[in-house]
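Read off the chains here:
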Amino acid sequence: MKLIFEQSVRGRQGFKLPDSDVPVTAVIAGKYLRQAELLLPEVSELDVVRHFTRLSRLNFSLDANFYPLGSCTMKYNPKFTEKAAAMPGFADLHPLLPQLKGGERYVQGALEVLYDTERWLSEITGMKAFTLQPLAGAHGELTGIMLMAAYHKARGNKKKHIIVPDSAHGTNPASAAVAGYQIISVASDKKGGIDIEKLKAVLTVETAGLMMTCPDTHGVFNSSIGEISRLVHAVDGLMYYDGANLNATLGRCRPGDVGFDLVHLNLHKTFGTPHGGGGPGAGPVGVMGKLEKFLPVSRVVKRPDGLFYLDYGHPDSIGYIASFYGNFAIILRAYAYMLLLGGDGLKETSDHAVLNANYLMHRLKNNYPVAFDRICMHECLFSATKHAARGVHAIDIAKFLIDQGIHPPTVYFPLTVKEAIMVEPTETESRETLDFFVDAMIRADALARTDPAAFHDFPRTMPISRPDETRAAREMNVNFFASRA
Amino acid sequence: MKLIFEQSVRGRQGFKLPDSDVPVTAVIAGKYLRQAELLLPEVSELDVVRHFTRLSRLNFSLDANFYPLGSCTMKYNPKFTEKAAAMPGFADLHPLLPQLKGGERYVQGALEVLYDTERWLSEITGMKAFTLQPLAGAHGELTGIMLMAAYHKARGNKKKHIIVPDSAHGTNPASAAVAGYQIISVASDKKGGIDIEKLKAVLTVETAGLMMTCPDTHGVFNSSIGEISRLVHAVDGLMYYDGANLNATLGRCRPGDVGFDLVHLNLHKTFGTPHGGGGPGAGPVGVMGKLEKFLPVSRVVKRPDGLFYLDYGHPDSIGYIASFYGNFAIILRAYAYMLLLGGDGLKETSDHAVLNANYLMHRLKNNYPVAFDRICMHECLFSATKHAARGVHAIDIAKFLIDQGIHPPTVYFPLTVKEAIMVEPTETESRETLDFFVDAMIRADALARTDPAAFHDFPRTMPISRPDETRAAREMNVNFFASRA
Amino acid sequence: MNPYIANTEQDVQTMLGVIGVDSIDALFADIRPEHAPRSFDLPAGLSEFEVIERLRRLASKNTGALIPFIGGGYYDHYVPAACGAIMSRGEFYTAYTPYQPECSQGTLQALFEYQSGICALTGMDVANASLYDGGTALYEAMMMALRVTGRKKIVMDGGVSPIYRKLIRSYTHNLHIEFIETPVAHGQTDRACVSALMDKDVAAVIIQNPNFFGVIDDHADIVAQAHASGALVIASVYPVALGLLKTPAEMGVDIVTGEGQSLGLPLNFGGPYLGFMAVRRALIRQMPGRIVGETVDAQGRRCFVNTLQAREQHIRREKATSNICTNAALCAVQASVFMALMGRQGFRQLAQLNFDKAEYARRVLGNIPGVEVKRSSPTFNEFTVYLPRDAADVVEEMILRGFAAGFPLGRYYEGMNNYLLVAVTEKRTKSEIEAYAAALAEVVA
Amino acid sequence: MNPYIANTEQDVQTMLGVIGVDSIDALFADIRPEHAPRSFDLPAGLSEFEVIERLRRLASKNTGALIPFIGGGYYDHYVPAACGAIMSRGEFYTAYTPYQPECSQGTLQALFEYQSGICALTGMDVANASLYDGGTALYEAMMMALRVTGRKKIVMDGGVSPIYRKLIRSYTHNLHIEFIETPVAHGQTDRACVSALMDKDVAAVIIQNPNFFGVIDDHADIVAQAHASGALVIASVYPVALGLLKTPAEMGVDIVTGEGQSLGLPLNFGGPYLGFMAVRRALIRQMPGRIVGETVDAQGRRCFVNTLQAREQHIRREKATSNICTNAALCAVQASVFMALMGRQGFRQLAQLNFDKAEYARRVLGNIPGVEVKRSSPTFNEFTVYLPRDAADVVEEMILRGFAAGFPLGRYYEGMNNYLLVAVTEKRTKSEIEAYAAALAEVVA
Ligand SMILES: Cc1ncc(COP(=O)(O)O)c(C=O)c1O
Ligand SMILES: Cc1ncc(COP(=O)(O)O)c(C=O)c1O
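Those protein sequence lines, which keep their order, are chains A, B, C and D.
Sequence positions in the first sequence follow this note's numbering and run 945 to 1429.
Sequence positions in the second sequence follow this note's numbering and run 945 to 1429.
Sequence positions in the third sequence follow this note's numbering and run 2 to 446.
Sequence positions in the fourth sequence follow this note's numbering and run 2 to 446.
It should be emphasised that the hints constitute simulated quantities derived from the structure, not laboratory data.
What you are looking at is a predicted structure, and each value in this text was computed from that prediction instead of being measured.
Fair warning: there could be bad hints in the mix.
As the list claims (entries may be wrong) - DSS-like, lysine-lysine: derived pairs with alpha carbons at most 25 Å apart:
1. C:Lys153 - B:Lys1102
2. A:Lys1309 - A:Lys1362
3. C:Lys375 - B:Lys1097
4. D:Lys154 - D:Lys167
5. C:Lys320 - B:Lys1104
6. C:Lys153 - B:Lys1104
7. B:Lys1097 - C:Lys167
8. B:Lys1142 - C:Lys320
Kindly generate the complete structure, drawing on both the sequences and the hints.
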C-alpha cells in the first residue's frame, strides 16, 4: 500500500480548524521560525480514513483472530471497558488539576478509581501497598529495582547484583541493568524451575535480590518457592515477582503470601486491557510493608471524611517515576474489568486459563514434544527440535499458522528451550477455537513429515511473506523522507 | 463463514446481566408462557465480537472502497457526526418525554436540532416548511403523495393518477400506488428529459401531479422545468420533487423557485449520513405554502420566549405518519454536517460533485458510449451495449471492478437505457481515485475486446463469486431453523 | 472551506481542461438564470470543534437526569457495549445496500442471522430483513393482509398502541378501507366484540401483545375465529417479552410485526428504530421489504443474497409489495448482535428481570394510599395505575422530583385522565423503584 | 459468572477427560496448600450495566466544567473525531506488537508513517516507534547520551519541565551521575551559566523549547558550544509549536524528545500519552525502543518490519539500549492519524491559532491592574503572569468562578509563588478569554 505521504497532493487539506476570533497582536521573530517546510501529508479526511481503515485490515487482531501468544496473555478485551475509558469525565481530565489548591474536588471520581484499584491489586497479590504509576511491565520492573535499591541503601546494604533465571523475559535483566545493577543469570533445572543448587552458588551478601516470574516462562509453578525465598532473604536480598503470568494463579496463590517482597503486574495481560499493537499498557508495582515508605510519590490517600487527595510528602520515597498517576485510561479499564468480574470471576479466570493450556498441551504433545512433561499452568511450552531436524523450524510452523488465520504462538522464547513454541490460549477462548488450533498444528506436523520444503514460502495468503529483515537492518530506511532524499 | 447459530454451544453465555435485587412477587400463568425453546445462539462475547468483526471484513464499504454508485450519493460520512450522535444527551432521550406536561423542558436541545434543520432545509430547497418525520426517501414520497391527496380533497379535486417519467426510481411509482393512485408513465425524449409532447398527451384534470427527479436519473437537469410545471399546474396538478439528486444543485437551483410544490430529500445521500448497509436513512418532506397546513403532526414550534414545543393541533393535517419526530439520530448527523459546511460549503459540494462526474464522463466516453452526450450533473450514464454485443454485460464489468477493490457503479438503472452503467463519484473523492477508476474501466474495456470470456468468472479475489440467485429464490432458505428443519 | 472535498485548485484546472470548459459554472449551463435560487441564506460554516461544542451544549440541555419509568412501546434497556462497538465498524455502517453480493457477504450473512433470530423469537417461519420501525411495520402488515385477502375491512384491538393506530389511519385515509376499533375489556382484547365483528369482509384482526397497557394475553381463540372467517391475524409484539411469553406462532398468528428498539438500540429520541416482520411461509411472496436467502456460488460455496426481489419496487415498480427501499439494515445487524450476546439463557433472564422488577414496582405502588393498581390482568414490564387525580399533572410534579414517572393515558384514551402507564426495565434498581414510590406517595397525598 | 469464559460445564468435563484429571483443582497441584492465599477478599462481581452506571457516576464527579487555561506540557487541544474512529478499530487496538510482520503490516506501516511524521516535525533523520511519554523519553535520551559519550555529567536547563527533571533525578539516583541545573534568565536559557559549565565531562546539555514558562528560544549557540566540547544536546519539544518554530534539527540538536499528547490524544488524567524520540542518523544504533524499517519481502514487495532489534531487551537483555518493551504504539498510530489530518497547512494553522490566542490573552491579562505580564521573551501558547498575591490562592478562587486558571509556579519553583502559568489553545474562544480576564480582575482586585 502507498504511504500516506505518497498520497499527498499539494494544497489538499483534510481538516477544518476554527477561524481565529482574536486580533493578531504579535508575530514571532524570524530567528525563531522554522525554515524547513513542514512536509506533513496533504490529504483529505476521506483519504486518511480510507488509508488507515485499509491499513488496519492488514493486521491480525484479537477481535478477528486467535492469538495464542505465550507470555503475552492475549485475552479478549471487553468492549465495555472502551466505553468507560471514553467517558468525557475521565478522558478530558487534565492531570494537573488535583495539584491546584482546591482542584482535587474536581477529580474525586478519578482518584477513587486509583484508590480502589490500588487496594484491590494489593488484595489480589497479598501486597501491602501499590503504586499505579509505572507505564508498562518493564517500567514496573525498573521502579521495582529502584525500590530495592532504596531499601538496601536505607539498610546500609552494599548490594551489587541481581539474580535473574535464564528463562526470564529480556526486560528483567535489562531493567536491573539500567537501574545500575550487575546481572547474574542462573540456570533452570530439568523440571523447568530454578536450579536451587546453582542459585545457592551465586547468592552472596552482594545479592540485591532475585527476579522471578511465577509461574515462570516455562509455564511451571515453582513449588520450591518457599525455599528460594528463604535463601534470598537470608542474605537480605529481596524477592521480586514479575507478574506477567499472574493470569495463572488469581485466587490460587498470592506472591505476598509465598515470600515475595514486591511485584509488578501487567494490566494489559491479566486485566484484559488491550495491547494496542504494542502498547500502551500499565505496570503497577506492589510492595510489602517494609518497602512501602519508598514508593514513588504521589500516593492516593483517602481522608477520614471520604475525600481523596494526592500525598507528595514521603521523605523516603524514590520520588517521581512518572509524570503523573500512571496510564490512567488503562488503569480505568482494568478497574472496570475487576468490578465486573469480582473476586469469583477473577479466580475463574485462572481456572480456565490453566484448563485451556493443559488441554492444548495434552492434545498436542504427541505431535510436539513438550519441554517439561508435567502439568502446566496457563501456558505450555513445546519444542520443534524434531521438526527442525527435518528443516522445519519453529518460525516455519508459525508462518504456516498465519495462513490458517491463527496468530503464531511465541517462538524462540524462552531462550532455555530450543525451537521453543510457547502457547498461551487464555481463558477467553472456546474449546472449538482450541480444537481448530490443534487441528492446524497437527496438519503442520504431518506436512513437516511429508513435505518439509513446502514450509519455506508460508504464509501464502497474506499480502507479503518473509520480509528481508537483513536488508531492513542494513539499509535502515526508517523515515519516508530520508529514504527518498 | 459459519453462522453464529452454528457456533452455538449449549450452556454458553455471552453477557452478564444484573442479578435481581427485588423479591419475586408474581409468576406468569402457564397459558401465557412460550412453549418453544428460544433457540438464540449460545456463544461468548468474544465469539460474537469475532464473528461480526470477521463478517464486517467481507464487506466493501465507503471507509475502505470507492463507491461510484449512481443515484446513491455514496459520499464520505464524516466521523464527527457519529460522535455527535453518540452523545448520551441525544442517544438516551425517550421520545415520549416532550409529550409529558412539563416534559418539553427536558428536550429543548433536541427540539432545537429539529427546528433548525427544518428551517435550513426549507432555505436550501426554497420550500415554506418541512416535516422531518419520514424515515427514508420512499417514506417521504408516500408522505408527499398523501399531502397531495389531502390538497386535492380539500380543493374538491377528483384526481386519479400520478404521472411518473420512465426514468424514475422504482420507489416513485410504488409510493404513488400504495397511496391509492394509478400510475401513468411518460417516456423520455432523446436528450434524456421528459418528452413534453408525451407529457401533454397524458395530462388531464384527473392528474394529481407529476413526480420528477431533478436532475433526473439520466444525470440531466431539465431546462424545460418551467414549462413542465406550468403544464402541470394548469390542471391543478402538483409538482413533486424527488430530491435524491439534490447533491447536484445545492445553491444552484432550489425546487421551490422553479415550480415544485413539494419535495423529499434523502439525508443519507446529500447530507452525508451513512447508508448503514441499506438503512436507516431519513426522507424529510418540504412543501410550499399551499400545502403547509396538511403537513403531518407533530410540528416543532418556537415560542416567542425561545422555548420549543411540539404542536399537535392542526385540523387539516394528514395526521401521524411516523411514531415520532423522524429518525432523530440521522437528522442530527445531517444537522451537524450542515453546521460544519455552512451555505458556502454546501454550494461547493455540488460544484465538485458535478465537476467530478463530468471529468469521469470525459475520460471514459471514448470507451463507454454515454447515454446522453451533453454536460452531465452529479452523475453520468454510460451504456455497455457495445460490450454486451461481445458478451460482456454491464454486470460483468461490475464484477471486474470488484476485483480492483472498487464497488461497481449502479447497473441496469435507469431502465430507459440498455446496459446502463450509472456513475456518481460524489465530491468527496479525489482525482487520484477517479483516475484509478478510469484506468480500471479502460482496462475492462480492453479486456472485453481481447478476451470477453474472461469476464465470466469475475470477481476472482472475493470469498465468493456469482451466487446462484435462481436457486436462492427457488429454495427460499431465509431462516436458519427452517432450512435445517 | 469544505474539508470533505479533495480537489485542489490545481485539480480543478486540470479537470476543467479535460472536460473542455473554462469554469465550474459552465457545467451548470442547463440551470438557466431564471432557475437561480432567490435566496440561499444559510449560516456560515463552522469547524468540527465548534460544531461538537455546540452540539454538546444542546445535548446538555436535554439530560434532565430523570429516572425513567416511561415506556409506551419504547424502553430504557441497557445496550451492551459490544453492540455499539460492532456497529461503529465502517464496514457495516458505511456500506451500501448489499446489491452486489460478492462484496457484501458481511451484511448479507448478518441479515440472514437477524432474520433467523426474529424467527426464533416469534416462532414464525420467515422474517424480512427489516422495515423502518414498529409502527410502519404494522402498517405494512395491514397492507399485506388487504392484498392477500382481497378484502377491505380491518378490525383493530383498542389495545394496539394508539400511536400505531393513528398512523395506520393516516396512511389509509384514501384507500377506502373500513376500520373498526374494538374496546379493551379488563385490559385485554374484548372477545365478544371482536367475535361479533367477524365476517367475510374482514381482511385482518390486528392485536398487540403485551398491549399498550402492558397486559399480556393469549390470542389463540381470536386467531381461530379469524381464520374460520378467512381473515388473517396480525400481531404487534414486544420482543423482550417473547423471552417468556407464548409466541405469536404458538397462537397461530399469520403476520407478526414489532418494534425492535429494545433489541440493543438506543432510544435516540424516536429513531432510528427497527421494524421487524415475520410471517407464515405461505405468505412470503406477499411480504414487503428485502429478504436475504441462502444459496451457493458458482463454485458451490455457501453464500447469501437478496432474494425474491421481484416483490420489490426496483423490479416491480407500482406493483411491488411495498414502496420501501432504504430500510433499517444497520439496526437489524445491531439487533442480531444483541440477540447473539443475550443468547438462549440471557434473553430469558432479561425478560424475567423485566417482569420481576415491574411486578415489584406494581406491588410497591399499589401500597400507596390513593393509588390503585389493577391486578386482574397479567402484565409484563409495564402496567397502569389509577391515580386520585389527573395523571398528566402528577407526572409534571414527578418530573420536578427527578422522575419520568410514566405516560398519562389520557393523552390517547378518552376518559382515562387519571391513569398512568408505568414501565420498569431491568435497569431500574430496587432503590429507584422505592424512591419513585415514595415520591409518588408525596405527590398524590 | 465470568462472561468472558467460553467453557461450559460440559466443555470442562470433556477437557478434564482429555487431560486425565478429575478436577480443575488437580491442575493446581504444584501450588501447595501452604501457598494458598491467606485472603482474597474482593467485592462481588457486577453486571456490565452496573459497572457502567458506577463509572458514569464517578466520571460525573470529575467534570467540573472548568474552562481550562492550564497546560504545563499537557494541553487541551481538540481531538478530531476521525482519530478516535480509527483508533477504535479492533484491528489496531486489539493487535499485539508486530513481531510477525506478515500479519501486522497495518501497524508496521502506520508506525513507519508515524516515524516519518515525527521526522518531518522535528527535522531529524530518524525517529523511533514511541516511548511511554515525554518524561520517560527525556530520561531515555539522557541515558543514551551517557552511553554515547561515556561521560557522567548532565547540564540541565531550569526551563526544562520540573516534572521531567524530578523524574530523571529519581531514575539516576544510583547511577553516580552529576547533575547540574542552570537557572533561567529572562525566561530563557542562561547562556553564561551553561557556557561556564561546559567541559570534557559533560555528556549532554538538556534544554526544552518552548520551555516550561512557555518561552521560545533559539538554542543554536548552545548546541555549537556543547558540540565543541564533545557533548550532545538533547531538546524536549512541544510538537504543536513545531508548526511554526525553528526545528531542533535547524539548531543542530542531537536527540529530540517530546510529549506527543498534543498530537490527537485526550488528556486522560495523565495517560496514556506518547513519548517520541528522534535523533541524528549516526545515533540510530544507540536509540532505545522499537524502530520500524522498510524492506521487501521474498517476492520483492515493499513491506515493513521491526528493525535493528539487536538494540532491544528481547535480544540483548542486560546490554540492551533500554529495558522498554510495551511502548505507546497505539498512541503513535493515533498521532500519525492526527498529523495526516492536519497536514502541511493545517498543522501550521493550528500552531498559529495557538500562538494568536495566547498572545491575545497575554495582552488582555496584561491590562488587568496588578497583573504583570513579562513581554521581553517571546512565548508560544503559554506564558507566565505575575500576580499581586499567591497564585495558588488566586487559582483556588478562580476555580469557584469556573476556570482552571493555570498552574501556580510556586509549586515547583522556589520564590515564584506569585507566578501563574497560563495556557491558551485553539479551543479557547475570544469570549472565554475575556471572561477569564474579567474573573481574574475581580479576584486580584
Ligand atoms: C514475563 C514478562 N515479563 C515482563 C514483560 C514486560 O512487560 P511490558 O511489555 O509491559 O513492559 C513481559 C512482556 O511481554 C513478559 O512476558
Ligand atoms: C432517485 C431516487 N428516488 C428515491 C429513492 C428512494 O429513497 P430511499 O432509499 O431513501 O427510500 C432513491 C434511492 O435510491 C433514489 O435514487
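Now the hints, each set against the structure:
1. C:Lys153 - B:Lys1102: holds (22 Å)
2. A:Lys1309 - A:Lys1362: Within the cut-off at roughly 16 Å; holds.
3. C:Lys375 - B:Lys1097: Distance ~45 Å between Lys375 (chain C) and Lys1097 (chain B) Cα, so the pair is violated.
4. D:Lys154 - D:Lys167: Distance ~16 Å between Lys154 (chain D) and Lys167 (chain D) Cα, so the pair holds.
5. C:Lys320 - B:Lys1104: holds (17 Å)
6. C:Lys153 - B:Lys1104: Holds: Lys153 (chain C) and Lys1104 (chain B) sit about 19 Å apart, inside 25 Å.
7. B:Lys1097 - C:Lys167: holds (20 Å)
8. B:Lys1142 - C:Lys320: holds (23 Å)
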